[in-house]
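*Asks:* Chain residues, written in single-letter form:
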Amino acid sequence: MIRVLVSPEPIDVTTELARIEALEAGAVATFTGIVRADDGVSLLDLEHYPGATETALETLAAEAVAHWRLTGAIIVHRIGAMRPGERIVLVATAASHRAAALDACACLIDRLKTEAPFWKRETRGRETRWVDARDADHAAADRWKTTLSDQ
Amino acid sequence: MDLLYFAWVREAVGTGHERIDLPDGIGTIAALLDWLAARDPRHAAAFADRTRLRAAIDQRFVALDAPLDDAREVAIFPPVTGG
Chain A
1 MIRVLVSPEP IDVTTELARI EALEAGAVAT FTGIVRADDG VSLLDLEHYP
51 GATETALETL AAEAVAHWRL TGAIIVHRIG AMRPGERIVL VATAASHRAA
101 ALDACACLID RLKTEAPFWK RETRGRETRW VDARDADHAA ADRWKTTLSD
151 Q
Chain B
1 MDLLYFAWVR EAVGTGHERI DLPDGIGTIA ALLDWLAARD PRHAAAFADR
51 TRLRAAIDQR FVALDAPLDD AREVAIFPPV TGG
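Here the protein sequences come in this chain order: A and B. The opening position of the first sequence corresponds to residue 1 in our numbering, with each subsequent residue numbered one higher. The opening position of the second sequence corresponds to residue 1 in our numbering, with each subsequent residue numbered one higher.
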């Protein structure tokens, strides 16, 4: 099972978790990304590339499902305006055992950050600026390339 | 050909979408950017530092020197920052 959702609506973790637990795999891992409040950000705006975003996320999910033999993978990403404390992204993976679920979940969020066409714009007080890509995010995503190429 | 711009590239160019008739002899995204920059100062400013740009052809990520071939949609944008 692969489910990808890109939506301006708040992310309903309870419903998504119930959906993936209903697969009755032995292990479910989840990652939730939340807008940080600790550096003065009052608003975060997420722009995306409609169509290409969904295709990118579906491709990432399909690769993870194939590599780790997952029972299911869910990626939900919010777009539009959100405030500190709100969820930006949810990744959930289901597998027979925990190692596969945990590794696949980590891989999906690392690759999503560098391979899916989303752009963050932060508002602090009256100042608005586009967030720069981070080298550390690319390093995190790159380490999965070796993993995924080992069959 | 449809051109799409996202994030600060969209703001710098002044629009998120434009439709162009591609002249003969423009074979790559880099050549397309040169042509657009020569026509308009806003495009020139947005495309000045190519290291800050990424691209997609028909919704597939490609390098800036990628051939346009029969591209219907070309998107230009900064490195992605989702998640």
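Keep in mind the hints are simulated off the structure, nothing from the lab. One should not assume that every hint holds.
The calculated label-pair distances, taken between Cβ atoms and stated as ranges, are [claimed, not checked]: (1) A/L17 - B/A48: 42 to 48 Å; (2) A/L5 - B/D58: 36 to 42 Å; (3) B/D49 - A/M1: 19 to 25 Å; (4) B/R42 - A/T123: 22 to 28 Å; (5) A/L17 - B/P67: 41 to 47 Å; (6) A/E24 - B/D58: 38 to 44 Å; (7) B/D70 - A/E21: 41 to 47 Å; (8) A/L5 - B/P79: 30 to 36 Å; (9) B/A44 - A/T147: 31 to 37 Å; (10) A/S7 - B/G16: 33 to 39 Å.
Facing chain A, according to a computed beta carbon distance under 8 Å, are these residues of chain B, among others [unchecked claim]: (11) F6; (12) W8; (13) H17; (14) W35; (15) A56; (16) Q59; (17) P79; (18) V80.
The structure presented is a predicted model; accordingly, all values stated were derived computationally and were not measured. Even glycine gets a Cβ: it sits at the ideal position worked out from N, Cα and C.
*Asks:* Measuring from beta carbon to beta carbon, are A/L5 and B/D58 in 36 to 42 Å?
*Replies:* violated (23 Å)
*Asks:* Return holds or violated for the Cβ distance of B/D70 and A/E21 against the range 41 to 47 Å.
*Replies:* holds (46 Å)
*Asks:* Note whether the CB distance of A/E24 and B/D58 lies within 38 to 44 Å or breaks it.
*Replies:* Given range 38 to 44 Å: holds, Cβ gap about 39 Å.
*Asks:* Against the range 22 to 28 Å, how does the distance between the Cβ atoms of B/R42 and A/T123 compare: consistent or not?
*Replies:* holds (24 Å)
*Asks:* Does B/W8 hold up as a contact with chain A if the rule is Cβ-Cβ below 8 Å?
*Replies:* This interface hint holds because 5 Å falls under the 8 Å limit.
*Asks:* Using the beta carbons of A/L17 and B/P67, state whether their distance is inside 41 to 47 Å or not.
*Replies:* With Cβ atoms ~45 Å apart, the hint holds.
*Asks:* Is the shortest C-beta separation between B/V80 and chain A less than 8 Å?
*Replies:* Because about 5 Å separates B/V80 from the closest Cβ in chain A, which is inside the 8 Å limit, the hint holds.
*Asks:* Does the Cβ pair B/A44, A/T147 satisfy 31 to 37 Å?
*Replies:* violated (42 Å)
*Asks:* For the restraint on B/P79, tell me whether the closest CB of chain A is nearer than 8 Å.
*Replies:* holds (4 Å)
*Asks:* Do the Cβ positions of B/D49 and A/M1 conform to the proposed distance bound of 19 to 25 Å?
*Replies:* violated (43 Å)
*Asks:* Would the hint on B/W35 be counted as holding, given a Cβ-Cβ threshold of 8 Å to chain A?
*Replies:* violated (23 Å)
*Asks:* Is it true that the C-beta distance of A/L5 to B/P79 lies inside 30 to 36 Å, as the hint says?
*Replies:* violated (24 Å)
Of the numbered hints stated above, those contradicted by the structure are hints 2, 3, 8, 9, 10, 13, 14, listed in ascending order.
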